[in-house]
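Now for the letters of each chain:
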Amino acid sequence: MKSLVSLFAALGLVSAVASPALAADGRQLFLDNCAACHQPTGKGVAGAFPALAGSKVVLGDPKEPITRILNGRGGMPAFQNDLSDTEVSAILTYIRSAWGNKAAPVAVPQVLAFRSNTRRENAKASLQAH
Amino acid sequence: MTQKFFGGGRGFSRRMFLEGLSSVGGSALLMAGMSALGFDIASAATAPPDLSGGGGKKVVVLGAGLAGLTAAYELTRAGYQVTVLEARSFAGGRCQTARKGFQLNELGGETQNCDFDDGLYINHGPWRIPYHHRSTLHYTKEFNVPLEVFVNDNDASYVMFEKGSGPLAGKPVRKGQIAADVRGGAAEMLAKTLKQGALDQQMSADDRDTLIAYLVHEGYLTNDLAYRGTEGRGFAVNPGAGVNPGPGKESEPFAFSDVLHSGAWKTLASVTGHEQQRTMFQPVGGMDRLAKGFEGAVSHLIRYSTKVKSFRQNDKGVVVTYEDEDGQTGKVKADYCICTIPLSVLRQMDVEVSKPFKQAIGEVAYALVGKIGLQMKRRFWEEDHHIYGGHIYTDNPEIGSMNLPSTGWQSKKGVILGYYQFGAQAAKVSALSPKERQALAGRAGDKVFEGYSSNIETSFSAAWHRIEHNLGGWAQWSDEGRQSAYPILCEPDGRLYLAGEHLSYLTGWQAGAIESAWQQIAKLHARVHAA
Numbered sequence: 001m002k003s004l005v006s007l008f009a010a011l012g013l014v015s016a017v018a019s020p021a022l023a024a025d026g027r028q029l030f031l032d033n034c035a036a037c038h039q040p041t042g043k044g045v046a047g048a049f050p051a052l053a054g055s056k057v058v059l060g061d062p063k064e065p066i067t068r069i070l071n072g073r074g075g076m077p078a079f080q081n082d083l084s085d086t087e088v089s090a091i092l093t094y095i096r097s098a099w100g101n102k103a104a105p106v107a108v109p110q111v112l113a114f115r116s117n118t119r120r121e122n123a124k125a126s127l128q129a130h
Numbered sequence: 001m002t003q004k005f006f007g008g009g010r011g012f013s014r015r016m017f018l019e020g021l022s023s024v025g026g027s028a029l030l031m032a033g034m035s036a037l038g039f040d041i042a043s044a045a046t047a048p049p050d051l052s053g054g055g056g057k058k059v060v061v062l063g064a065g066l067a068g069l070t071a072a073y074e075l076t077r078a079g080y081q082v083t084v085l086e087a088r089s090f091a092g093g094r095c096q097t098a099r100k101g102f103q104l105n106e107l108g109g110e111t112q113n114c115d116f117d118d119g120l121y122i123n124h125g126p127w128r129i130p131y132h133h134r135s136t137l138h139y140t141k142e143f144n145v146p147l148e149v150f151v152n153d154n155d156a157s158y159v160m161f162e163k164g165s166g167p168l169a170g171k172p173v174r175k176g177q178i179a180a181d182v183r184g185g186a187a188e189m190l191a192k193t194l195k196q197g198a199l200d201q202q203m204s205a206d207d208r209d210t211l212i213a214y215l216v217h218e219g220y221l222t223n224d225l226a227y228r229g230t231e232g233r234g235f236a237v238n239p240g241a242g243v244n245p246g247p248g249k250e251s252e253p254f255a256f257s258d259v260l261h262s263g264a265w266k267t268l269a270s271v272t273g274h275e276q277q278r279t280m281f282q283p284v285g286g287m288d289r290l291a292k293g294f295e296g297a298v299s300h301l302i303r304y305s306t307k308v309k310s311f312r313q314n315d316k317g318v319v320v321t322y323e324d325e326d327g328q329t330g331k332v333k334a335d336y337c338i339c340t341i342p343l344s345v346l347r348q349m350d351v352e353v354s355k356p357f358k359q360a361i362g363e364v365a366y367a368l369v370g371k372i373g374l375q376m377k378r379r380f381w382e383e384d385h386h387i388y389g390g391h392i393y394t395d396n397p398e399i400g401s402m403n404l405p406s407t408g409w410q411s412k413k414g415v416i417l418g419y420y421q422f423g424a425q426a427a428k429v430s431a432l433s434p435k436e437r438q439a440l441a442g443r444a445g446d447k448v449f450e451g452y453s454s455n456i457e458t459s460f461s462a463a464w465h466r467i468e469h470n471l472g473g474w475a476q477w478s479d480e481g482r483q484s485a486y487p488i489l490c491e492p493d494g495r496l497y498l499a500g501e502h503l504s505y506l507t508g509w510q511a512g513a514i515e516s517a518w519q520q521i522a523k524l525h526a527r528v529h530a531a
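Chains as they are written, first to last, in our numbering: chain A, 1 to 130; chain B, 1 to 531.
The following block holds chain A by itself, in its conformation from the complex:
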């Protein structure tokens, strides 16, 4: 996987929005970006934030969790401008293997594939101040 990452980086295919951390620490990235709502335990908060531990969405076809992270959904923000493909893959690989979850890692090219298909401008939404 690492060689793939290097290859994509060399080809300039890895997203330029954040520096591609080749040895991205999935757990730390999860704690920094996701745990405020989904909680460090992955259990979420009932009635507010969905649990990731045992979640069908997390464990299923990677397309769904990838697009949710990139584009946001409901109360979840879009991370497409804040996380690189490498970072998204590291986070997903982590949450698909933590807290008793067991699902295959998510590789960078998988993230890249959906990013190119789903990129949307959401500048207005993030700049609204009141």
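Errors might be hidden in some of the hints.
[Stated by the list, open to error] Each computed DSBU-like pair below joins lysine-lysine, with the alpha-carbon atoms no more than 30 Å apart: (1) 57(B) with 309(B); (2) 171(B) with 412(B); (3) 331(B) with 292(B); (4) 413(B) with 447(B); (5) 195(B) with 266(B); (6) 43(A) with 56(A); (7) 43(A) with 102(A); (8) 56(A) with 355(B); (9) 316(B) with 331(B); (10) 292(B) with 307(B); (11) 358(B) with 43(A); (12) 100(B) with 413(B); (13) 523(B) with 56(A); (14) 309(B) with 56(A); (15) 413(B) with 377(B); (16) 316(B) with 292(B); (17) 307(B) with 43(A); (18) 141(B) with 192(B); (19) 523(B) with 58(B); (20) 435(B) with 163(B); (21) 58(B) with 331(B); (22) 435(B) with 43(A); (23) 63(A) with 355(B); (24) 63(A) with 358(B); (25) 309(B) with 43(A); (26) 56(A) with 102(A).
Hints in this document: simulated from the structure, not taken from any laboratory.
Starting from the known structure of chain A, fit chain B onto it as the hints suggest.
Positioned in the frame of chain A, the structure of chain B alone reads:
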């Protein structure tokens, strides 16, 4: 050069010209240009609906935020029997103010007890009232809530952009200096281009000369169409008495190229938006004064600390079940229901509505928003930097902007808004403990003001997406959602009417909540009246 300004091509329209101005000078220049060419911006006039000749029916209102309070107040005056169920122990919804004793427990977070000194506060929810939000101003007047000016634009305040290049990047620069120099530089370039006849094909000689005259005026140009600075950007030595300092010494403008590459001009457009223009107001003593005003009139209708559990309806009426403070369940029966619960919360509740309505409730996203108030032991921004209110603009999305208080001038202490961030950045910052959030805000402030972090005595922060009963700052409709779900939710589902900022094009503003309530109670009243 002209190609770069106007987007290329041979054709040159008025719109392209305006866009060219906008891309170089920010919309301050654009607005000036629009006025010169006869455009204008209008604002809507609003007042509560006339509800005469009806009443008597029972209405249960869910939520005592501004939409619920507005509905309760106006319906009661019209003779309806109103009951309001409110989950919190106080009214106002997001219209909150944190001062000494205010407590906040974010979901998954530790409890914060605000311990600002007496008289100090932060509006961690809504904090500004634009002059054209006549609905909000209707109620500040109705309830005698004193207002003061909120300084929403201050030429003396700093722009601190780190992502640009050149000598101005990463340095706090006075906003007025950036504004003057970018206007001057852009006007000079355009005026000289016009003078050389580059656009003579596109405009008459008379238009050209008038436009040059405007640019001389707009950009403070000298007779040879050069920008050499203007006293409005401030003096190197201020004028004073006698011969020394006497007339003082004018300041030197920054090099146009340095201003352009700093990126700091990107901030200039922000305060020219319709929602950001002067005059901006705030209630004296905190935004929650507005909620307290309503509460004075309708608190006897409100059942506090009462959480809605379910909503049922049929063709005869509605039934809302609730759980009170002691865990006791109960029911309220009414003819109609006005539900102001944010859709982020409502989507997860047990409500009996049609399938399309239910689906529409789930379609909107909610904004992740974070704010922090920092109590400073000394008003160093006033004492050392002569900045009285206004925003410190950054291009660090983790911080967004900082804001200096528009109250307590020249007093000892003050509360600064240390950050105001959105989306993924707000998610990230909200993962930090209150102490870590304070430290993050302090590090950012130290880049602008020497000794900033060492002046922080205490702080209070809020991450709205983690606050129970809100789960987000405000509704964020996508264009698709506005087309599909929004119109469905604006109409009643049976006997249920939704209201709130989420059902307006003023999302996130109190005026949106009030005007949405006005619209819905007018519909309800028309139905009752027709029956």
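Taking the hints in turn, this is what the structure says about them:
Distance check on the hinted pair: residue 57(B) and residue 309(B) sit about 23 Å apart at the alpha-carbon level, within 30 Å; holds. Distance hint between residue 171(B) and residue 412(B) is fulfilled; the C-alpha atoms sit about 27 Å from each other, no more than 30 Å. A distance of roughly 27 Å separates the Cα atoms of residue 331(B) and residue 292(B); the hinted pair therefore holds under the 30 Å criterion. Our distance criterion of 30 Å between C-alpha atoms is met by residue 413(B) and residue 447(B), whose separation comes to about 21 Å.
Taken as a hint, the residue 195(B) and residue 266(B) pair is honoured in the structure, with Cα atoms around 28 Å apart against an allowance of 30 Å. Between residue 43(A) and residue 56(A), the direct Cα distance comes to roughly 13 Å. Compliance with the 30 Å bound is thereby established for this hinted pair. Restraint check for residue 43(A) and residue 102(A): satisfied, since their Cα atoms lie roughly 15 Å apart, inside the 30 Å limit. The straight-line distance between the Cα atoms of residue 56(A) and residue 355(B) is roughly 24 Å, inside the 30 Å bound, and the hint therefore holds.
At roughly 16 Å between alpha-carbon atoms, residue 316(B) and residue 331(B) fall within 30 Å of each other, so this suggested pair holds. With a C-alpha separation of about 21 Å, the suggested pairing of residue 292(B) with residue 307(B) holds against the 30 Å cut-off. A hinted pair counts as satisfied when its Cα atoms are at most 30 Å apart, and residue 358(B) with residue 43(A) qualifies at roughly 26 Å. The hinted pair formed by residue 100(B) and residue 413(B) meets the criterion: a straight-line CA distance of about 14 Å does not exceed 30 Å.
About 42 Å separates the Cα atoms of residue 523(B) and residue 56(A), which puts this hinted pair outside 30 Å; it is violated. Restraint check: the Cα-Cα separation between residue 309(B) and residue 56(A) comes to about 27 Å, which is no more than 30 Å; the hinted pair holds. For the hint linking residue 413(B) to residue 377(B), the alpha-carbon distance of about 5 Å falls within 30 Å, and the restraint holds. With a C-alpha separation of about 35 Å, the suggested pairing of residue 316(B) with residue 292(B) is violated against the 30 Å cut-off.
Only pairs whose Cα atoms come within 30 Å are accepted, and residue 307(B) paired with residue 43(A) is accepted, the gap being roughly 24 Å. Distance hint between residue 141(B) and residue 192(B) is unfulfilled; the C-alpha atoms sit about 51 Å from each other, more than 30 Å. Annotation: proposed proximity of residue 523(B) to residue 58(B) holds, straight-line Cα distance about 15 Å (limit 30 Å). Simply put, residue 435(B) and residue 163(B) have alpha-carbon atoms about 27 Å apart, close enough for the 30 Å limit, and the pair holds.
Taking the CA atoms of residue 58(B) and residue 331(B), the gap is near 14 Å; set against the 30 Å cutoff, the hint holds. Restraint check for residue 435(B) and residue 43(A): the C-alpha separation of about 24 Å stays at or below 30 Å, so the hint holds. Annotation: proposed proximity of residue 63(A) to residue 355(B) holds, straight-line Cα distance about 27 Å (limit 30 Å). Taken as a hint, the residue 63(A) and residue 358(B) pair is honoured in the structure, with Cα atoms around 26 Å apart against an allowance of 30 Å.
Distance hint between residue 309(B) and residue 43(A) is fulfilled; the C-alpha atoms sit about 23 Å from each other, no more than 30 Å. Straight-line distance between C-alpha atoms of residue 56(A) and residue 102(A) comes to about 11 Å, which keeps the hinted pair within the 30 Å bound.
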